[in-house]
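Colleague: What follows is each chain in one-letter form.
Number of protein chains: 2
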Amino acid sequence: MEQLFTYEKLFSFAEQVFIKIGCTQKEATTATTSLLSADLRGVDSHGIARLSGYVRLWEVQRVNATPNIKIIHETPSTAVVDGDAGLGLVVAPFAMQVAIDKAKNVGTGWVSVQNSNHFGIAGIHAMMALQSDMIGIAMTNASALVAPTFSKDKMLGTNPIAVAIPAGNEAAFVADFATTTAANGKLEILQRKNKPLPKGWAQNKDGIESINAHELKEGGALLPLGGDREGSSHKGYMLGSIVDIFSAVLSGANYGPWVPPFPAYIPMPTNMPGKGIGHFFGAMRIDAFRPAQEFKNDIDKWIQAFKKAAPINAAQKVIIPGEPEIAYEKERKANGIPLLDVVVKDLQSVGEKLRVHFEI
Amino acid sequence: MEQLFTYEKLFSFAEQVFIKIGCTQKEATTATTSLLSADLRGVDSHGIARLSGYVRLWEVQRVNATPNIKIIHETPSTAVVDGDAGLGLVVAPFAMQVAIDKAKNVGTGWVSVQNSNHFGIAGIHAMMALQSDMIGIAMTNASALVAPTFSKDKMLGTNPIAVAIPAGNEAAFVADFATTTAANGKLEILQRKNKPLPKGWAQNKDGIESINAHELKEGGALLPLGGDREGSSHKGYMLGSIVDIFSAVLSGANYGPWVPPFPAYIPMPTNMPGKGIGHFFGAMRIDAFRPAQEFKNDIDKWIQAFKKAAPINAAQKVIIPGEPEIAYEKERKANGIPLLDVVVKDLQSVGEKLRVHFEI
Numbered sequence: 001m002e003q004l005f006t007y008e009k010l011f012s013f014a015e016q017v018f019i020k021i022g023c024t025q026k027e028a029t030t031a032t033t034s035l036l037s038a039d040l041r042g043v044d045s046h047g048i049a050r051l052s053g054y055v056r057l058w059e060v061q062r063v064n065a066t067p068n069i070k071i072i073h074e075t076p077s078t079a080v081v082d083g084d085a086g087l088g089l090v091v092a093p094f095a096m097q098v099a100i101d102k103a104k105n106v107g108t109g110w111v112s113v114q115n116s117n118h119f120g121i122a123g124i125h126a127m128m129a130l131q132s133d134m135i136g137i138a139m140t141n142a143s144a145l146v147a148p149t150f151s152k153d154k155m156l157g158t159n160p161i162a163v164a165i166p167a168g169n170e171a172a173f174v175a176d177f178a179t180t181t182a183a184n185g186k187l188e189i190l191q192r193k194n195k196p197l198p199k200g201w202a203q204n205k206d207g208i209e210s211i212n213a214h215e216l217k218e219g220g221a222l223l224p225l226g227g228d229r230e231g232s233s234h235k236g237y238m239l240g241s242i243v244d245i246f247s248a249v250l251s252g253a254n255y256g257p258w259v260p261p262f263p264a265y266i267p268m269p270t271n272m273p274g275k276g277i278g279h280f281f282g283a284m285r286i287d288a289f290r291p292a293q294e295f296k297n298d299i300d301k302w303i304q305a306f307k308k309a310a311p312i313n314a315a316q317k318v319i320i321p322g323e324p325e326i327a328y329e330k331e332r333k334a335n336g337i338p339l340l341d342v343v344v345k346d347l348q349s350v351g352e353k354l355r356v357h358f359e360i
Numbered sequence: 001m002e003q004l005f006t007y008e009k010l011f012s013f014a015e016q017v018f019i020k021i022g023c024t025q026k027e028a029t030t031a032t033t034s035l036l037s038a039d040l041r042g043v044d045s046h047g048i049a050r051l052s053g054y055v056r057l058w059e060v061q062r063v064n065a066t067p068n069i070k071i072i073h074e075t076p077s078t079a080v081v082d083g084d085a086g087l088g089l090v091v092a093p094f095a096m097q098v099a100i101d102k103a104k105n106v107g108t109g110w111v112s113v114q115n116s117n118h119f120g121i122a123g124i125h126a127m128m129a130l131q132s133d134m135i136g137i138a139m140t141n142a143s144a145l146v147a148p149t150f151s152k153d154k155m156l157g158t159n160p161i162a163v164a165i166p167a168g169n170e171a172a173f174v175a176d177f178a179t180t181t182a183a184n185g186k187l188e189i190l191q192r193k194n195k196p197l198p199k200g201w202a203q204n205k206d207g208i209e210s211i212n213a214h215e216l217k218e219g220g221a222l223l224p225l226g227g228d229r230e231g232s233s234h235k236g237y238m239l240g241s242i243v244d245i246f247s248a249v250l251s252g253a254n255y256g257p258w259v260p261p262f263p264a265y266i267p268m269p270t271n272m273p274g275k276g277i278g279h280f281f282g283a284m285r286i287d288a289f290r291p292a293q294e295f296k297n298d299i300d301k302w303i304q305a306f307k308k309a310a311p312i313n314a315a316q317k318v319i320i321p322g323e324p325e326i327a328y329e330k331e332r333k334a335n336g337i338p339l340l341d342v343v344v345k346d347l348q349s350v351g352e353k354l355r356v357h358f359e360i
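Taken in order, these protein sequences are the chains called A and B.
Numbering-wise (the working numbering), the first sequence opens with residue 1 and increments by one.
Numbering-wise (the working numbering), the second sequence opens with residue 1 and increments by one.
The reader is advised that the hints may include incorrect statements.
You can't tell identical chains apart in this list, so a pair holds if it fits in one copy or across any two.
What the hints assert, rightly or not - Below, in silico cross-link-like pairs of lysine-lysine (DSS-like), each with a Cα-Cα straight-line distance of 27 Å or less:
{"no.": "1", "residue 1": "K199", "residue 2": "K152"}
{"no.": "2", "residue 1": "K154", "residue 2": "K217"}
{"no.": "3", "residue 1": "K9", "residue 2": "K296"}
{"no.": "4", "residue 1": "K301", "residue 2": "K154"}
None of these hints come from the bench; they were simulated from the model.
The structure displayed is predicted, hence computed values, not measured ones.
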């Protein structure tokens with residue numbers, strides 16, 4: 001069962017929760033904006049449903065609500081940012097802004113982040129670059145749920161990549177995707193509905209492909225994009241590895257099987273080689289390559305060509321990356337954001353714990 | 001049937017062929033090194049088997065053997081290079097060197113290339129960065145053989161991505177992969193053997209998945225990494241699109257369905273929006289982020305952890321990207337490069353045409 005809530009009501013609630021755990025007003029607003037962008041854009045798994053998870057990380061002192069986020073090394077086009085164990089929802093916009101500022105100066109900016117936490121959806125951070133006529137890139141590693149091709153062991157997170165590219169009259173091109181066949185949030189939806197998984201999503205503890213949506217709790221693993229060797233899962237494994245290395249080995253964060261888990265009740269890995277989780281951000285000024293308007297005209301032409309590509313079924317045209325999210329955002333701003341009853345109850349209990357009223 | 005040839009013999013032949021079509025000695029050596037790296041590394045589809053294809057492009061004046069390759073726009077961390085219709089095998093190393101030089105100055109370098117041709121394998125260009133303790137990135141677009149998710153139309157090339165990452169005691173991490181389930185070269189191998197395709201590789205002209213290895217000649221298309229919608233082919237479509245835009249829209253080359261075909265006998269697309277095909281290169285200096293030795297120690301640790309991940313079958317351990325290519329290179333340098341009889345005949349006819357002796 002679901003209930004609809006206005007964006008404003010959820011925003012106000014989440015913002016007060018972040019203030020109660022010690023965030024400044026400014027950082028609470030930033031964190032809430034990052035978090036709720038997921039609900040607006042239809043990525044329900046990464047939005048306000050995770051608020052209680054962030055609070056639990058704060059309770060076990062894995063999230064620092066008053067971090068001193070800072071650049072610890074830099075060159076004209078690069079920086080490493082120490083998130084000081086802050087909310088990734090706040091660390092990520094800080095680091096992306098550093099990338100954008102560097103791009104203003106020397107054409108591009110590239111920032112690797114250590115000592116951070118889960119940053120919500122990657123796409124919203126990449127999109128920060130759009131207003132400056134830049135291409136934005138965001139990626140993050142995450143705790144290991146994914147087995148590399150040929151292995152039974154969980155060695156990589158779902159390690160998403162987001163790329164936002166400005167257009168002219170068309171909406172921006174915004175790709176944002178896990179480097180697994182399916183993100184863990186998609187799995188959770190099928191778990192709740194007790195439905196089988198499609199082929200290529202998961203394997204059991206022995207490495208045999210499985211359609212059991214609960215396989216991860218039984219020692220199984222998610223599969224890299226491609227599914228199996230014939231479907232080229234080694235390419236998904238390579239993509240997830242690149243995200244892991246750019247985000248965490250370049251910055252000095254934890255990588256591979258040592259990335260801290262999001263659920264606060266799961267014990268931390270032992271012998272961790274770095275600090276917190278890692279992110280990677282990039283910004284490329286369009287006019288560091290060619291005049292921005294020329295580029296945008298060509299992107300419009302690119303988008304229009306793909307929209308006009310002959311569909312296999314007339315009812316389903318080719319989708320431009322970012323289009324479905326824009327439709328969600330429009331609909332949900334107008335009609336409200338649907339929350340499952342379990343999420344509503346969870347928010348109520350967060351509200352009671354921190355004495356923030358959650359009005360239904 | 002196959003025959004073995006030494007690297008030196010093939011090198012000398014290809015170099016003379018490039019000189020005969022008008023390349024300088026230096027550019028002939030560069031082109032041959034790029035081309036034969038594919039044969040050494042086991043990517044037979046992209047090596048000397050394509051030499052006759054490059055010659056035919058020169059014959060129809062689509063390849064300029066004496067190009068004036070130059071930077072046409074730049075900032076401290078970026079450049080656009082005009083390949084002047086030169087061999088991609090020569091243009092790519094030029095552009096990658098520009099990226100490396102910029103990284104030396106400001107931490108990273110990013111170069112988008114217009115007006116180029118097929119550049120061989122992406123990995124070898126990305127690997128140029130390794131000797132300077134940099135991460136190297138190379139990508140290229142290619143003529144449209146791939147249908148985006150939900151479409152019957154061929155709109156993208158197999159658009160590969162290569163990322164080379166320096167290690168310490170371990171061999172470098174080198175990922176190099178088409179953003180389709182399978183590269184076209186893999187398809188060609190099954191065509192020659194008259195074998196069916198695995199699931200998720202191709203679709204017929206109506207957009208129905210197909211196991212016919214000859215489907216492309218009958219109006220079909222290759223499928224993006226992921227295969228079908230359930231397998232998340234939209235992610236492969238997004239990756240291929242990003243490569244296309246970085247390589248060609250940033251530089252002013254042709255993109256999407258307008259990319260010139262490799263076979264010289266296929267007519268050029270009409271109303272082409274740019275110049276030639278496009279590439280994109282990046283170089284990131286490791287010590288622009290953290291001390292190179294610290295990074296390399298962590299990469300070694302990363303690689304060792306993945307090598308030790310529990311295999312599903314004891315006989316097949318987890319593969320580190322780049323490992324198979326190193327094994328090929330060692331074996332082929334020692335024992336020679338195997339060429340199919342059809343390739344040998346093709347080289348002989350190139351030799352006869354240009355009066356370069358091809359000794360068997």
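Colleague: Could you run down the list of hints and mark each one as holding or not?
Modeller: Status of each hint after checking the structure:
| no. | hint | result |
| --- | --- | --- |
| 1 | K199 / K152 | both (17 Å within a copy, 23 Å between copies) |
| 2 | K154 / K217 | within (12 Å within a copy, 41 Å between copies) |
| 3 | K9 / K296 | neither (37 Å within a copy, 48 Å between copies) |
| 4 | K301 / K154 | between (42 Å within a copy, 16 Å between copies) |
Of the numbered hints given earlier, the model fails hint 3 alone.
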